[in-house]
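**Q** As a plain string of letters, each chain reads:
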Amino acid sequence: MANTLIDSLKERISKAITVNQSVGIVLPGNNYSDLIQAFFEYVQSKPEDAWVYVTITKPYENIVKQFGNISEVRNIKFIDCISRAAGISTVDPNCIFIESPTMLEKLGLEIINIFKEVDEKVNKYLLLDSLSTLIIYNDPEIVTEFFYHLANKSRARNIHTISLAIEEEEVDRYLNKLIYLNDKILKVRDSFI
Amino acid sequence: MKRLVIDSITALCYRLQTKEMIRDFIFKLGSSLAAMKCTTFLTSEVPPRVFQYSQYGIEEFIADGIIFLGDVERKGDLIRTFQVIKLRGQAHSRTKLAMSISSRNGVELAPLLKSRE
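Residue numbers (this note's numbering), protein chains in the order written: chain Z, 1 to 193; chain L, 1001 to 1117.
Possibly wrong hints are sitting among the right ones.
[What the hints assert, rightly or not] With a straight-line Cα cutoff of 27 Å, these simulated DSSO-like cross-link-like pairs (lysine-lysine) come out:
hint: 1; chain 1: Z; residue 1: Lys58; chain 2: L; residue 2: Lys1075
hint: 2; chain 1: L; residue 1: Lys1075; chain 2: Z; residue 2: Lys153
hint: 3; chain 1: Z; residue 1: Lys153; chain 2: L; residue 2: Lys1096
hint: 4; chain 1: Z; residue 1: Lys153; chain 2: L; residue 2: Lys1114
hint: 5; chain 1: L; residue 1: Lys1114; chain 2: Z; residue 2: Lys116
Hints listed in this document are in silico derivations from the structure and should not be mistaken for laboratory results.
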C-alpha cells in the first residue's frame, strides 16, 4: 500500500514539476513521510538536476537518520532552519544551518547562493518543507511576503519550486492564500492512489 | 587610492568638552583628509533603537554620506539592517535592507521583509 502511494506520488510530482514553474502540495500529516520518501527517490532518479531542500520541519540530522544515503546524494543540498534554534550544533558540508526560522532574508540569500554555483543549463528545483511550519515560527503576513519574494526570485532565475503545506485547521486560511500563489496545486488524499 | 578608517569618532571626540570643539575638530579633520583626496570612513556609536545617526548630533551634517547599521527584532531574534541615509551628489536607494555577515560569503544584503510584526 505504502509503495503504491509512493510510486503514485513520484509520478504526480514528476508530471507537475516538469510542466509548471511552481507546485504546491497540500497533504495530511499522516502522508508526510511517504511524500518525503517519494521525493528523495525522485531526486536520486534524476542525478542531472540540482535540488535544494529547505527543512523547517525536521532537523537535517533526523532526515539523514531516516533516509540514510541522502547525505551522499550529490545533486541535493540542504538548508536547515531549525537545528540551531533547537540547540543542535551538527556541521555537515552538504547542509547550511540557519540560526533561526525567523531569519527569512538569510534563508532567501542562501537559496540563491547555492543556485548561483549551479550551471545555467542544469534544471534547478527548490523544495520548501514546509509553509505550515514556517507559519508556526513567523507571523503569517511575513511568511506571505517572504513567499511572494521567493516565488518572484525563483521565476526570474528559472528555479522550479515545490512548497509543502501540511493540513491543519488553524492555519488553513493563511495556507490557502499562500499555496494558491503556485502554478499548480496537488492535494494528497487517501483516495489519491 | 587613499582610504582611512577611524573606529570610532565617538571615542576620538570623547575628551572634547563642547559641541563647538567637536564640530570644529571633525570639520578640520574632514577638510584636511579631503585635500589629500583620502576617503574616510568614520564609525559613530548610537544607542540601540534610538532615532539618531550619531552620538553628538554633528557628524551626520559634516559627513558626505551616512550608512546606518541597525537591527530589527523579529520574534526575539535580531535581524541586522543596512540603510543608506545620505550620499551627497549621488542618487541612491533609501530602502532598509537586511544584512548578513558570514565568513563564507562576507557581507550580503537582501530586501528587508516589511510586514508588521
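**Q** Does Lys153 of chain Z lie within 27 Å of Lys1075 of chain L when you go C-alpha to C-alpha?
**A** holds (25 Å)
**Q** Run the distance test for Lys58 of chain Z versus Lys1075 of chain L: straight-line Cα separation, threshold 27 Å.
**A** It holds: about 20 Å lies between the C-alpha atoms, which stays within 27 Å.
**Q** For the pair supplied as a hint, Lys153 of chain Z and Lys1114 of chain L, is the alpha-carbon distance within the 27 Å limit?
**A** holds (17 Å)
**Q** Are the Cα positions of Lys153 of chain Z and Lys1096 of chain L separated by 27 Å at most?
**A** Roughly 19 Å separates the two Cα atoms, so the pair holds.
**Q** CA of Lys1114 of chain L to CA of Lys116 of chain Z, is that 27 Å or under?
**A** Holds, because 26 Å separates the two Cα atoms, which is no more than 27 Å.
Consistency with the previously given hints is maintained throughout, with no hint failing.
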